[in-house]
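A.B. asks: Below are the chains, spelled out letter by letter.
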Amino acid sequence: MFTVRVKEVIRYGRNIATVKFSSRFRSYPGQFIMLSHFEHEEVPLSLSSPDGVTVKAVGETTRALVNVREGDILGVRGPFGNPFSPSKNALIIAGGIGIAPMLFLYNSLRGFGASVRVIYGAKSKDEMVFHDRFENAVFLTEDGSYGAQGTVIDGVKRENLDRYEKIYVCGPEGMMSELLEVFERKSVLEKSEFSLERYMRCGIGVCGSCVIDNGLRVCADGPIFKGSELF
Amino acid sequence: MSEALRVRVAGIEMRNPLMLASGIMGSFSSSLNRLSEHAGAVVTKSVGLAPVEGYRNPAVINYSHGLINAVGLASPGAEAFSEELRGYAFYSPLIVSLFASTPEEFADLTTHFEFADGFELNLSCPHAKNVGLSVGSDPELVKEVVRVTKRATDKPVFAKISPNVRDIVEIGKAAEDGGADGVVAINTLKGMKIDIFAKRPILSNISGGVSGEGIKPVAVKCVWDLYEELSIPIIGSGGVTSWKDVIEFMLAGAMAVQLGSALFYSNRIFYSLKESLIAYTRMTGERLEDIVGMAHRT
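Protein sequences, first through last, are from chains A and B.
Heads up: the first sequence begins at 1 in our numbering, then just goes up one per residue.
Heads up: the second sequence begins at 232 in our numbering, then just goes up one per residue.
Treat the hints as calculated values from the structure; they're not laboratory data.
The reader is advised that the hints may include incorrect statements.
[As the list claims (entries may be wrong)] In the DMTMM-like style, the derived pairs of lysine to aspartate or glutamate whose C-alpha atoms are separated by at most 25 Å in a straight line are: (1) B:421 <-> A:41; (2) A:125 <-> A:41; (3) B:424 <-> A:8; (4) B:381 <-> B:426; (5) B:360 <-> A:41; (6) B:424 <-> A:72; (7) A:226 <-> B:268; (8) B:430 <-> A:190; (9) B:424 <-> A:39; (10) B:430 <-> A:178; (11) B:430 <-> A:60; (12) A:157 <-> A:190; (13) B:360 <-> A:39; (14) A:123 <-> A:181; (15) A:88 <-> A:39; (16) B:430 <-> A:51; (17) A:88 <-> A:184; (18) B:421 <-> A:8; (19) A:20 <-> B:426; (20) A:125 <-> A:184; (21) A:7 <-> B:408; (22) B:452 <-> B:517; (23) B:430 <-> A:173; (24) B:430 <-> A:39; (25) B:430 <-> A:70; (26) B:475 <-> B:517.
[What the hints assert, rightly or not] Reference excerpt, derived from the structure (chain B facing chain A, CB under 10 Å, subset only): (27) 259; (28) 260; (29) 262; (30) 263; (31) 264; (32) 276; (33) 293; (34) 296; (35) 420; (36) 424; (37) 492; (38) 494; (39) 496.
Since the structure is predicted, the reported quantities are computational estimates derived from the model, not experimental observations.
Note that CB positions come from ideal geometry on N, CA and C, so glycine has one too.
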């Protein structure tokens, strides 16, 4: 473990914040860190940039992380896990706080000169972050408070998936399992990549807390899996 | 499959001497199934009668020569865990690791896992209260635990013991006197790490158990000493990472070895070590079973 200082906190409403660190990590989009708040626990979080995470308060530790102040010290292990693989013509699909690793991916793909389309859905406008950061994007909210009314699935169904070289997905478990079905029907499982989330202890492939149904470990064999590995 | 790798430990036939150590990827049938395709046998995560939540994160950290963990025997409890293990496909033998604080509880635990090929008694976890090492540092209690557990099951019973005792051979002897079919040496060593910037211990439990390459020389010495005094099989454990480590442990007297922290490097490690051991036996013309304890000749 090493320590970093909090350089900047960007808040989006009460429950979501981007925490920027004093140092950049040598990292790739899709990788995660184990972030310790010393008064609370250590939690796995995807990087939303090489020097930051975007966290939503869902429990005690994530609440404390949303409320950190500039200058605070946090503990870091990582970055861990396998990243997304690059492509020249990409579709990014994100639901809710699943957008966090996708901003990092988007910026990195655009940096390579790739063309990237984004489908991003959330419950309502208050839960949307980064919607001003994407050029070619479809936004959906369940209550219609921003973009079209509907879910990510509705947005995906209207899209011609054959056009893309790679499809990247991150979001709630229910959304991802529904997309696996959609991708299977449209024969695009092989070019899809999903970012999975599980409760983790070690983050480095030994404890076995994050094993999924196929016997692979989210922390060390993932967190990015091909759709064909999950279906 | 190479015949030269086969070993037989207390009646359990293994296609190679590489076992999965307890506490590593052993909480779910799915991961056990995947690893058991190439392992000689697998040992589950330790289970007790009641569910245990374990310690808060950080519970596992890596340092430059291995890992330090204080997971705290997190487990869903015997009933739920035996349900989970129903999904085990038995590509290789299944050994269920048990923890408890009294001989009677250990005996009771075996009845939940009639389908197991053997049991490993956790007498050595250094970071749980009233179980593990608390039981395993008292020779009289160790003997009694093994004796009572052996009466409750006809499956082989192994005692996993700790180096953090006055004399590990004394504990090994006690297990043998109680009727153990083998001993597993060693569990993790007590240790801790302090973050020098935050100025506090990193693990939520303050201290934990050290495993990985850093403890290998300690483990080899324990196996060596136990081999000199015991007549039951010894299973070596502690920092096994390469095929050379496997050979070293076997020369010291281990009939089989357990791998844990090395899974950090690859979940295909059983396959790669197995292939390397095949190459080794081809080169030397030996069967692995025949080199056990060979370094002791003087």
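A.B. asks: Each hint should be assessed against the structure and marked as holding or not.
C.D. replies: Verification of the supplied hints:
1. B:421 <-> A:41: holds (22 Å)
2. A:125 <-> A:41: Since the Cα atoms of residue 125 of chain A and residue 41 of chain A sit roughly 30 Å apart, the hinted pair is violated (cutoff 25 Å).
3. B:424 <-> A:8: Measuring from Cα to Cα gives roughly 29 Å; hence the hint is violated.
4. B:381 <-> B:426: Given pair residue 381 of chain B, residue 426 of chain B is violated - Cα atoms ~44 Å apart, limit 25 Å.
5. B:360 <-> A:41: holds (21 Å)
6. B:424 <-> A:72: Measuring from Cα to Cα gives roughly 21 Å; hence the hint holds.
7. A:226 <-> B:268: holds (22 Å)
8. B:430 <-> A:190: violated (48 Å)
9. B:424 <-> A:39: holds (17 Å)
10. B:430 <-> A:178: It is violated: about 46 Å lies between the C-alpha atoms, which goes past 25 Å.
11. B:430 <-> A:60: holds (23 Å)
12. A:157 <-> A:190: Given pair residue 157 of chain A, residue 190 of chain A holds - Cα atoms ~18 Å apart, limit 25 Å.
13. B:360 <-> A:39: holds (23 Å)
14. A:123 <-> A:181: holds (22 Å)
15. A:88 <-> A:39: violated (43 Å)
16. B:430 <-> A:51: Between residue 430 of chain B and residue 51 of chain A the Cα gap is close to 23 Å, so the pair holds against 25 Å.
17. A:88 <-> A:184: holds (22 Å)
18. B:421 <-> A:8: violated (39 Å)
19. A:20 <-> B:426: It holds: about 21 Å lies between the C-alpha atoms, which stays within 25 Å.
20. A:125 <-> A:184: Since the Cα atoms of residue 125 of chain A and residue 184 of chain A sit roughly 31 Å apart, the hinted pair is violated (cutoff 25 Å).
21. A:7 <-> B:408: violated (62 Å)
22. B:452 <-> B:517: holds (24 Å)
23. B:430 <-> A:173: violated (38 Å)
24. B:430 <-> A:39: Between residue 430 of chain B and residue 39 of chain A the Cα gap is close to 13 Å, so the pair holds against 25 Å.
25. B:430 <-> A:70: holds (19 Å)
26. B:475 <-> B:517: holds (15 Å)
27. 259: At 5 Å from the nearest chain A Cβ, residue 259 of chain B passes the 10 Å test, so the hint holds.
28. 260: It holds, given that the least Cβ distance between residue 260 of chain B and chain A is near 8 Å, below 10 Å.
29. 262: holds (4 Å)
30. 263: holds (8 Å)
31. 264: holds (6 Å)
32. 276: holds (7 Å)
33. 293: Constraint on residue 293 of chain B satisfied, holds at 6 Å.
34. 296: violated (14 Å)
35. 420: Not OK, violated: residue 420 of chain B not within 10 Å of chain A, min 16 Å.
36. 424: Interface hint status for residue 424 of chain B: holds (8 Å vs cutoff 10 Å).
37. 492: holds (6 Å)
38. 494: holds (5 Å)
39. 496: holds (8 Å)
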